[in-house]
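Participant: Model the full assembly from the supplied sequences, consistent with the hints where possible.
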Amino acid sequence: MKKNNNSISKEARRFVLISAIILVFLGLLVRLVYIQIVNYSKISRDVSSTVNKQSEEQAKRGDILDSSGKVLAESLQKYDLSIDPNFIRERRIYDDVKAVLAQNGIRVPKANIKDYGNTSFVWLASGLSEETAANIRKSQGAAGIILKPRFIRQYPEGVFLTHILGRVGADSKGLNGMEFVFNSELSGEIIKIKQYRDGRGRLLNEGFIDKSEKKGHNLTLTIDRNIQFIVEQEMDLAFKKNRAKRAVCIVQRPKTGEILAMAVLPEYSLSDKIADIDILKNFAVSDIFEPGSTFKIVALAAAIEEKKITAQDKFYLEDGKYKIADRIISDDHIIMGFATVEKIMEQSSNIGFIKIAYKLGENIFYNYIRKFGFFSITGIELQGESRGMLADASQWNALSLPNISFGQGIGVTALQIIGAFSAIANDGILMQPLIVKQIGDNIKDYKPKIVRRVVSADTAKEVKRILKAVVEKGTGQSAKVSQYTVGGKTGTAQKINTHTKEYSKYNYIASFCGMLPAMEPEIVILIVFDEPRGDYYAASIAAPVFSKIAKRTAEYLKIPKDK
Amino acid sequence: MKKKDKRVLILILLLVSIFIYLWENRTAQMMKYRVTELQNQYDKMVSENDALRYVINFILSADNLNKIAKDNKLSSPDSSSIVEID
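If you're matching them up, the sequences are chains A and B in order.
Position one of the first sequence corresponds to residue 1 (our numbering), numbered consecutively onward.
Position one of the second sequence corresponds to residue 1001 (our numbering), numbered consecutively onward.
Careful: at least some of the hints might be erroneous.
[As the list claims (entries may be wrong)] So, partial list: chain B residues that the calculated Cβ filter (under 7 Å) puts toward chain A:
| no. | residue |
| --- | --- |
| 1 | 1032 |
| 2 | 1039 |
| 3 | 1051 |
| 4 | 1054 |
| 5 | 1057 |
| 6 | 1058 |
| 7 | 1061 |
| 8 | 1063 |
[Unchecked claim] With a cut-off of at most 30 Å between alpha-carbon atoms, the simulated BS3-like pairs for lysine-lysine come out as follows:
| no. | chain 1 | residue 1 | chain 2 | residue 2 |
| --- | --- | --- | --- | --- |
| 9 | A | 480 | B | 1070 |
| 10 | A | 192 | B | 1032 |
| 11 | A | 505 | A | 321 |
For the record, the hints were derived by calculation from the structure and aren't laboratory data.
Even glycine gets a Cβ: it sits at the ideal position worked out from N, Cα and C.
Facilitator: And the structure:
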């Protein structure tokens, strides 16, 4: 009996034990089913929001390059550093954080973590290098320190080509210049980065991303860095010497319209704050001025083309003073009696040009002004291009034709002036000015574009010959370049006094535009000084600068010597 | 095959499948760590390369070369003393 009781007890215990084990496993199974199947979507969502992380990063901005690929503007990755005071306070690690930052030369503004208040973000430093960021990340006690990558625009050439390149804002968007005009092409794509946290809270990438493939397109300009440097160096010296208000120099290839250099002074540093917003304006394309005698090329070319004059025709120059309506027009270089057209141009006689323009008539003269590209937008890829100022021929009064013939009573941009001279240099064909060569590798190429034929090749040749005489024997002698023939024209124009509405006795625009070599020009260069102090004659201040720039540029480009 | 042997075989196959699945999961996880590490290294190298490129561009900038020339008292040669060899 006792033996039976023992075996029953054993059986019962075994049954209870097995049942308990089965019950436990059943319970676990039920729980598993509840978690994995019934509550799957909710739990999955909760886990996903904690574990998964999706962030967006702006890819690197494209570079701006000169015509030979030298970098003018590029972006570098730097880091902004901030701390999470709430996180640091909870873990009581502020001393460690301070030590790590101090090792890397970063001061914290508050001695005590409580002084930051209840916040999860305090910005401490920006523009940290990759090396500093890596040192901080590796350090013990770096928890609570947040490093956010950001691209900062850098200009290896320094204060250089500032009005053309422009600048970017803190959000890496272009604000002016090329950075603004080509912002969408230069901007990189948005990179979406999917990551998730492992059990230790480390972030792991879902996949490998080659960020260089998302980079913005590079922008290649027609500007030659070395010619730009020559121009900026010479213009800077002259600008300071003449104490001018503003200055501009443009170097252009007449056969293609490519702008090889464009310097606008005064310059500004692209990384400094701007005190006066006017400094951002590109004087070469945005501002208009009365060009003075450089504009005489238009009346000269038009009259020769229309066969109204030849270079040897003579005009009476009224002994230097000519009354028209109620105004006396006078010549600076007085020629008594008669003079040939060539002599008139050499000595820049205003009276001579009035008489040449009278032979053309208002309508024909107006048409040639428009044909040469004045009072028109060139379409160059620069911001704020001005059309200029010119009254319609039907609204001209008795003084309009005379004044405009010698470059007063009309507003032009520097780009339009050099365009007109380049048309003559290019055998009478006006080219569209080009400043951008290429976007990306094969995204877009900018090819030279003919705008129109302005005058015949023969007329252009005759004008070039006369411009050569201006430099050899006339007012442009200080523009001579050794071993090269040069053709060009000076221009000294009075500016209007905006208060009295009369021409000022003190403020002038002094300019020289020339081409080299004289008869088969490879380059055309325009120099303009606005309100030089002291000497204001173009022959004294603009022509000599042309000579220096032309000499250095011609030698750099290996233009064959022709003298 | 005896019934008992079949059950053992099925159990072994099940265990091997589970083992392979767990091993693949682990390997995939390890690969993700490696990919993340490589991504960080790649980004760092690209960034360092860009920084070095900037330094090179700065050293070769026209203004810097001009300063070096001035410091070393270099001057432009007279055009008559330049011989061009094509």
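Participant: Against each hint, give a clear statement of whether it holds in the structure.
Facilitator: Here is how each hint holds up against the structure:
1. A least Cβ separation of about 5 Å between residue 1032(B) and chain A falls short of the 7 Å threshold, and the interface hint therefore holds.
2. Here the hint on residue 1039(B) is kept, as its CB sits about 5 Å from the closest CB of chain A, short of 7 Å.
3. Evaluation of the residue 1051(B) hint against chain A yields a held restraint, the C-beta minimum of about 6 Å falling below 7 Å.
4. Because the closest C-beta pair between residue 1054(B) and chain A is about 6 Å apart, less than 7 Å, the hint holds.
5. With 7 Å as the threshold, the beta carbon of residue 1057(B) comes within range of chain A, its nearest partner Cβ sitting at about 4 Å, so the hint holds.
6. The beta carbon of residue 1058(B) comes within 5 Å of a beta carbon in chain A, closer than 7 Å, and the hint placing it at the interface holds.
7. Restraint check, residue 1061(B) versus chain A: the minimum CB separation of about 5 Å is within 7 Å; hint holds.
8. At its closest, the beta carbon of residue 1063(B) sits 5 Å from a beta carbon of chain A; the interface hint therefore holds under the 7 Å criterion.
9. For the suggested pair residue 480(A) and residue 1070(B), the alpha carbons sit about 27 Å apart, so the restraint of at most 30 Å is met.
10. For a cut-off of 30 Å, the pair hint linking residue 192(A) to residue 1032(B) stands: about 17 Å separates their Cα positions.
11. This hinted pair checks out: residue 505(A) and residue 321(A) have alpha carbons roughly 18 Å apart, not beyond 30 Å.
Taken one by one, the earlier hints all hold for this structure without exception.
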